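Student: The task is simple: from the sequences and hints, build the whole structure.
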Amino acid sequence: MRKVVEGSYAIADAVRCCSPDVISVYPITPQTHIVEHISQFVAEGKLDCEYINVESEFSSLSSLIGASAAGARTYTSTTSQGLALMFEVLFNASGMRLPIVMTTVNRALSAPLSIWNDQQDAMAAREAGWIQIYAENVQEAIDLTPQLFKISEDPKILTPSMACMDGFILTHVYEPVEFLDESKVKEFLPPYRPEYVLDPKNPKTFGAFADPSWFTEFKYQQYRAMERSLKKIEEVSKEFEEVFGRGYGGLIEAYSMDDAQVALVTMGSLVGTVKEAIDDLRREGVKVGLVKIRSYRPFPEEALKRALKDANVIAVIEKDVSMGYESALLTDLKGAFYNSPIRTPIIGFAVGLGGRDIGIKQIREIVEKASKVSDAGIEDEFEIFDVKPECL
Amino acid sequence: MKEIRFHGRGGQGAVTAAELIAIAAFEDEKYSQAFPAFGVERRGAPVMAFARIADEPIRIRSQIYEPDYVIVQDVTLLDVVDVTSGLKPEGKIIINTDREAKDLKLQTEAKVIAIDATRIALEKLGRPIVNTTMLGAFCGATGEVSLDSVNKAILSRFSGALGEKNLAAIKTAYEGVRL
Numbered sequence: 001m002r003k004v005v006e007g008s009y010a011i012a013d014a015v016r017c018c019s020p021d022v023i024s025v026y027p028i029t030p031q032t033h034i035v036e037h038i039s040q041f042v043a044e045g046k047l048d049c050e051y052i053n054v055e056s057e058f059s060s061l062s063s064l065i066g067a068s069a070a071g072a073r074t075y076t077s078t079t080s081q082g083l084a085l086m087f088e089v090l091f092n093a094s095g096m097r098l099p100i101v102m103t104t105v106n107r108a109l110s111a112p113l114s115i116w117n118d119q120q121d122a123m124a125a126r127e128a129g130w131i132q133i134y135a136e137n138v139q140e141a142i143d144l145t146p147q148l149f150k151i152s153e154d155p156k157i158l159t160p161s162m163a164c165m166d167g168f169i170l171t172h173v174y175e176p177v178e179f180l181d182e183s184k185v186k187e188f189l190p191p192y193r194p195e196y197v198l199d200p201k202n203p204k205t206f207g208a209f210a211d212p213s214w215f216t217e218f219k220y221q222q223y224r225a226m227e228r229s230l231k232k233i234e235e236v237s238k239e240f241e242e243v244f245g246r247g248y249g250g251l252i253e254a255y256s257m258d259d260a261q262v263a264l265v266t267m268g269s270l271v272g273t274v275k276e277a278i279d280d281l282r283r284e285g286v287k288v289g290l291v292k293i294r295s296y297r298p299f300p301e302e303a304l305k306r307a308l309k310d311a312n313v314i315a316v317i318e319k320d321v322s323m324g325y326e327s328a329l330l331t332d333l334k335g336a337f338y339n340s341p342i343r344t345p346i347i348g349f350a351v352g353l354g355g356r357d358i359g360i361k362q363i364r365e366i367v368e369k370a371s372k373v374s375d376a377g378i379e380d381e382f383e384i385f386d387v388k389p390e391c392l
Numbered sequence: 001m002k003e004i005r006f007h008g009r010g011g012q013g014a015v016t017a018a019e020l021i022a023i024a025a026f027e028d029e030k031y032s033q034a035f036p037a038f039g040v041e042r043r044g045a046p047v048m049a050f051a052r053i054a055d056e057p058i059r060i061r062s063q064i065y066e067p068d069y070v071i072v073q074d075v076t077l078l079d080v081v082d083v084t085s086g087l088k089p090e091g092k093i094i095i096n097t098d099r100e101a102k103d104l105k106l107q108t109e110a111k112v113i114a115i116d117a118t119r120i121a122l123e124k125l126g127r128p129i130v131n132t133t134m135l136g137a138f139c140g141a142t143g144e145v146s147l148d149s150v151n152k153a154i155l156s157r158f159s160g161a162l163g164e165k166n167l168a169a170i171k172t173a174y175e176g177v178r179l
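If you read the sequences in order, they're chains A and B.
If you count by UniProt numbering, then the first sequence holds residues 1 to 392, one letter each, in order.
If you count by UniProt numbering, then the second sequence holds residues 1 to 179, one letter each, in order.
Source of the hints: derived by calculation from the structure; they are not laboratory data.
From a predicted model like this one, the values you see are computed outputs, not experimental measurements.
Any given hint could turn out to be false.
The list that follows gives simulated cross-link-like pairs (lysine-lysine, DSS-like), each with its CA atoms no further than 27 angstroms apart [stated by the list, open to error]: (1) B/K2 x A/K3; (2) A/K369 x A/K309; (3) B/K165 x A/K361; (4) B/K152 x A/K3; (5) A/K201 x A/K305; (6) A/K204 x A/K231; (7) A/K231 x A/K156; (8) B/K111 x B/K88; (9) A/K334 x A/K219; (10) A/K3 x B/K171; (11) A/K305 x A/K232; (12) B/K171 x B/K152; (13) A/K372 x A/K388; (14) A/K231 x A/K334; (15) A/K186 x A/K219; (16) B/K165 x B/K152; (17) A/K3 x B/K165; (18) A/K201 x A/K232; (19) A/K238 x A/K204; (20) A/K46 x B/K152; (21) B/K2 x A/K361.
Label-pair ranges, simulated between beta-carbon atoms [unchecked claim]: (22) A/N312 x B/K102: 52 to 62 angstroms; (23) B/Q63 x A/R282: 20 to 30 angstroms; (24) B/E175 x A/E242: 28 to 38 angstroms; (25) A/K388 x B/K102: 30 to 40 angstroms; (26) A/R306 x B/L155: 33 to 43 angstroms; (27) B/S159 x A/E50: 26 to 36 angstroms; (28) B/G163 x A/M323: 19 to 29 angstroms; (29) A/C391 x B/S159: 45 to 55 angstroms; (30) A/N312 x B/P89: 51 to 61 angstroms; (31) A/G335 x B/K105: 51 to 61 angstroms; (32) A/D181 x B/G39: 30 to 40 angstroms; (33) A/Y338 x B/A54: 23 to 33 angstroms.
To spell it out: a stretch of chain B is covered by chain A in this simulated footprint if at least three of its residues, at any positions, have a beta carbon under 8 angstroms from a beta carbon of chain A; those stretches are [claimed, not checked]: (34) 94–102; (35) 121–129.
Here a beta-carbon is modelled for each residue, glycine too, at the ideal position from N, C-alpha and C.
Tutor: Structure representation (structure tokens):
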């Protein structure tokens, strides 16, 4: 069924189709509508699950840790300060290898208080051991939901995951979306049947004390599982395409990259605007392309090398800053290329912080700056973009 | 692609109007997108919403700076917001006012359309909520969405007598601006 609905409603419906056993979510702008719609489905009997009301995000994820360890399929959603409040629990979920799925609505972190979109919240949690995949549009965020359950719940992966979607820009937009067919989701996503569960008849312990003779091995196994998820994400993406007819290219998507001299790299809802800008620039003869990152964790190093190897200059555009050292994706990409034969200059732009709007004009300006690098070399490796001197 | 900017005050339903246009355009088998200017909305404060209509899937997600059409739900906004900002010269601006278009003295080459939507809404709905009435005016003045589809969009949101009253308001506004 195809319909114009609000992004948040579409996500709630996708969650409903995945039949989670336990959901625990705490409302926070701009994620609130997702919570409202899910709880409405539960109240109306359209979603048969245990819906736990909690007093904070810390408790929402904590309660899911218990539920997931007991063998339940579990879902939550949060944003910004809520994700920050979950920080301790994020590491517990991944360390205990619990395949919890979370829609992470991306929003700036305080202070100053901002309810608007950037991706600082999820980027700050990049070491938390969660798979992070960023959606370009509402449809991709819908389609990611069953895919993430399937990836996370795989016995060889058992790692929690986040479907990241830009706050307001995707949660509050009305646009046509294709709803998931519940029976097809059932076929695509089998019930969660974990091998190890909390069971009074067969006692086990999760996340117990590990002294120095054990801790490293836990982290090693988590690291390897995350590595294995690279292949799993691609497989599940293909399988989803076979069943539902919509594909997104797995870890990354290369757009207009044949013969591209300037390669832009970005993720999330900015991708659509960048694609539009690229089509305009191509018509004017500017050889520019885009590599859209879908999977940020695990980081698709090899796929990025293949996609970006022929560019003259790479410009990373991202909605986060690492105070003290540029922005996270820029640093990751430079790190990925350092020991490779690729010597392409890489520059980065922190854009759209706290909801600053980014349009085609701004993308063109970035392409112009990047083009200068390919002629004259790097002047500024990293820039916080669109700073108003009069406000300083 | 056609881009539409809505100016209203918090509580006047500008965001709902944008959503209804997106639904109506979809009924017309076009692609559409609607979203609010995400602010900390309070009742009475100036707010904006946006809509796009196109024959192709819509990928751009920035706000709208050079609209084809502007809809102003409250004439008092003219004193506080630059409602014609970026409006295309060949575009149209539709304003809820009891004054004549020429008396508004707007600085724009675009066509200015005045409609007394508050009066129509009071008559047909019994309340001065003009967002749906303004949709009828938009439909009549631009033809970008069909009246049938606007009516369908309305009935998907408002049922029963309220739906019927809204349709009556829309029809009056639609006929009022059609030349």
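Student: Do the alpha carbons of A/K204 and A/K231 lie within 27 angstroms of each other, as the hint requires?
Tutor: violated (30 angstroms)
Student: Between A/C391 and B/S159, does the C-beta distance stay in 45 to 55 angstroms?
Tutor: holds (48 angstroms)
Student: Given the hinted pair A/K186 and A/K219, is their alpha-carbon gap at most 27 angstroms?
Tutor: Since the Cα atoms of A/K186 and A/K219 sit roughly 33 angstroms apart, the hinted pair is violated (cutoff 27 angstroms).
Student: Keeping to a limit of 27 angstroms between CA atoms, is the pair of A/K334 and A/K219 held or broken?
Tutor: Judged against 27 angstroms, a Cα distance of about 25 angstroms means the pair holds.
Student: Between A/R306 and B/L155, is the Cβ distance one that fits in 33 to 43 angstroms?
Tutor: About 51 angstroms separates the Cβ atoms of A/R306 and B/L155, which means 33 to 43 angstroms is violated.
Student: Tell me if the straight-line CA distance from A/K238 to A/K204 falls inside 27 angstroms.
Tutor: violated (36 angstroms)
Student: Given the proposed pairing of A/K201 with A/K232, does the C-alpha separation stay at or below 27 angstroms?
Tutor: Given pair A/K201, A/K232 is violated - Cα atoms ~33 angstroms apart, limit 27 angstroms.
Student: Given the proposed pairing of B/K165 with A/K361, does the C-alpha separation stay at or below 27 angstroms?
Tutor: violated (43 angstroms)
Student: CB of A/D181 to CB of B/G39, is that within 30 to 40 angstroms?
Tutor: holds (37 angstroms)
Student: Check whether the Cα positions of A/K46 and B/K152 lie no farther apart than 27 angstroms.
Tutor: Measuring from Cα to Cα gives roughly 26 angstroms; hence the hint holds.
Student: For B/G163 and A/M323, compare the CB-CB distance with the range 19 to 29 angstroms and indicate the outcome.
Tutor: Cβ of B/G163 to Cβ of A/M323: about 53 angstroms, so the range 19 to 29 angstroms is violated.
Student: How does the coverage statement for the stretch 121–129 of chain B fare against chain A, requiring three or more residues with Cβ below 8 angstroms from a Cβ of that chain?
Tutor: It is violated: at least three residues are needed, and the stretch 121–129 of chain B offers just 0 whose Cβ sits closer than 8 angstroms to chain A.
Of the hints listed earlier, those the structure fails to meet are numbers 3, 5, 6, 15, 18, 19, 24, 26, 28, 30, 33, 34 and 35, in rising order.
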